[in-house]
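Participant: One letter stands for each residue in the lines below.
Protein chains: 2
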Amino acid sequence: MNIVDKLYNRVEKNGMVCLGLDTSLAYLPEGFKKTYEDDGEAIFEFNKRIIDKTLDVVACYKVQIAYYEALGLKGLKAYKDTLAYLRKKDAIIIADIKRGDIAATAKMYAKAHFEGDFESDFITLSPYMGMDSIEPYLEYVKDRNKGLFVLVRTSNKGAEDFEALDLKDGGKLYDNVGERVHILGKEFLGECSYSQIGGVLGCTQREEVKAMRESLNQMFFLIPGYGAQGGTAEDVCEYLKDGNGGVVNSSRKILLAYKERNMEEDFAEASRIEAIAMRDAINAEVKRVKGEN
Amino acid sequence: MNIVDKLYNRVEKNGMVCLGLDTSLAYLPEGFKKTYEDDGEAIFEFNKRIIDKTLDVVACYKVQIAYYEALGLKGLKAYKDTLAYLRKKDAIIIADIKRGDIAATAKMYAKAHFEGDFESDFITLSPYMGMDSIEPYLEYVKDRNKGLFVLVRTSNKGAEDFEALDLKDGGKLYDNVGERVHILGKEFLGECSYSQIGGVLGCTQREEVKAMRESLNQMFFLIPGYGAQGGTAEDVCEYLKDGNGGVVNSSRKILLAYKERNMEEDFAEASRIEAIAMRDAINAEVKRVKGEN
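As given, the protein sequences belong to chains A and B, one line each in that order. Here the first sequence stands for residues 1 to 293, numbered as in UniProt numbering. Here the second sequence stands for residues 1 to 293, numbered as in UniProt numbering.
Isolated chain A, as found in the complex:
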């Protein structure tokens, strides 16, 4: 099955939560961490327990490689083990790597993250260097059923610096990037009408979200900024036509749910409860907005 259809179906079945495994060593409960000699192993075991408890309530997992790189080789071993475990469980993996480089280098990144030790289903890309920094991945999109999420508009404050600059020919930089990526994506549509080439679109003003959802109507969205980064159900639901067409990432708020709930010993169950709460809150908002329209 086309990977975007698989993701679409997963959203239909489990809801739109993308669980971000941005697993910092500092996030692990102390009692749990000290039972492992190797930090990488502790991180992998933490991830594993959370994965086991959330497979049926999330659409996919986004693994942020920076948190693993920060621990060097042993961290990347934990990254490899986490991806292998997700694949074994038939979970959908988004490798959040935000790479962007010239074609010869992009080919190497494609090999790195679409096969071998670090194989994932989707990767995130940064578009600054242009379309020829994205094209080398298309071979994998086509021949190996892989997918991309290209940064279009992000949810951080700095998005105003360059992404939101007004262009001489009209629109903003992110409009231009969104349009180019959307057009490229038309060659890779699944049966769900979305493309294997998706976009990262952060939570912003509601009118802007509406306009982007309409113009980028075949783009599947990876929506960051929920939870710890301040995004609310109201912010994101406009991106989700009828509750699908995108996944909403939350990392820290789910991984650290055990703290607020005093569930250190059963941290994975706390993550499950938090993921369900997030899914239900967004679903309720989607329904409310649908009723309004």
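Dumping the calculated SDA-like pairs for lysine to any residue here, alpha-carbon to alpha-carbon at most 25 angstroms:
#	chain 1	residue 1	chain 2	residue 2
1	A	LYS107	B	ALA42
2	B	LYS259	B	TYR36
3	A	LYS287	A	ASN14
4	B	LYS74	B	TYR36
5	A	LYS168	B	LYS157
6	B	LYS253	A	ASP132
7	A	LYS6	A	GLU115
8	A	LYS172	B	ASP132
9	A	LYS107	B	GLY231
10	A	LYS157	B	ASP175
11	B	LYS77	A	GLY72
12	A	LYS168	B	ASP166
13	B	LYS33	A	GLY116
14	B	LYS157	A	ASN176
15	A	LYS80	B	GLU41
16	B	LYS6	B	ASN244
17	A	LYS172	B	GLU160
18	A	LYS74	B	ALA104
19	B	LYS77	B	ASP39
20	B	LYS80	A	GLU37
21	A	LYS157	B	LYS142
22	B	LYS74	A	SER24
23	B	LYS290	B	GLU234
24	A	LYS48	B	ALA104
To be clear, the hints were calculated from the coordinates, so they are not data collected in a lab. Remember, it's a predicted structure, so these values are computed and weren't measured experimentally.
Keeping the supplied structure of chain A fixed, place chain B upon it in accordance with the hints.
Facilitator: The following block gives chain B in isolation, referenced to the frame of chain A:
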């Protein structure tokens, strides 16, 4: 000594060549490769011999992490070993990682590439997500004498797609990025008058190069696109005020110099000859242009 002064002095002493260790397994001479069981070890040993033969004729080494990631954990072991060897030899290391992410993630990348297994002197960054994706690295710039090269204008064809878009308020996107990075850099000047925060500036039209060298007068440049990517000595010399103020990267043309010269058995010597030839060609052009003006 401030890292940018160290780099400036290295250019004064050894010339402006930045040797790109974008070491693909396919670049290794067959006879050499087959003496190693482990691909990662073969790559590290290849790098080591080239480093030994070029330390006194290049300014620094740029290690492109994608080529190592492509081999998974064993590739990243070779990456780690290569950086450790360069540090041991007191060579200056630019880790070409082109990261760009939200602040919490950027902190993790800073930790990953400015300390521990993958410690380097400079890293490359992509600015798409804005200045708050660059700021988390400044702590390391300040407290640990590290440096940055932020993508401003690259030498690939796709640079026209977004980097070169005209902005409503005048100039192009890369002008805006260059200016913001240049201003940020003013807080981190070395004695050589350049900043620890440099920029990646590709070889483009000569008039454009002149204008950028003048406006970004405290920015040290990392100049890609030389050699295999088509850049010539004439293209790059305008960036180098009096032969300094930047380093010029060449990867494939130096790593594969043994092929053209039929020096498979002494590949490292071929790389040395090529690096010297490149340095001398650029120096000659710098002198010629100075005479002209």
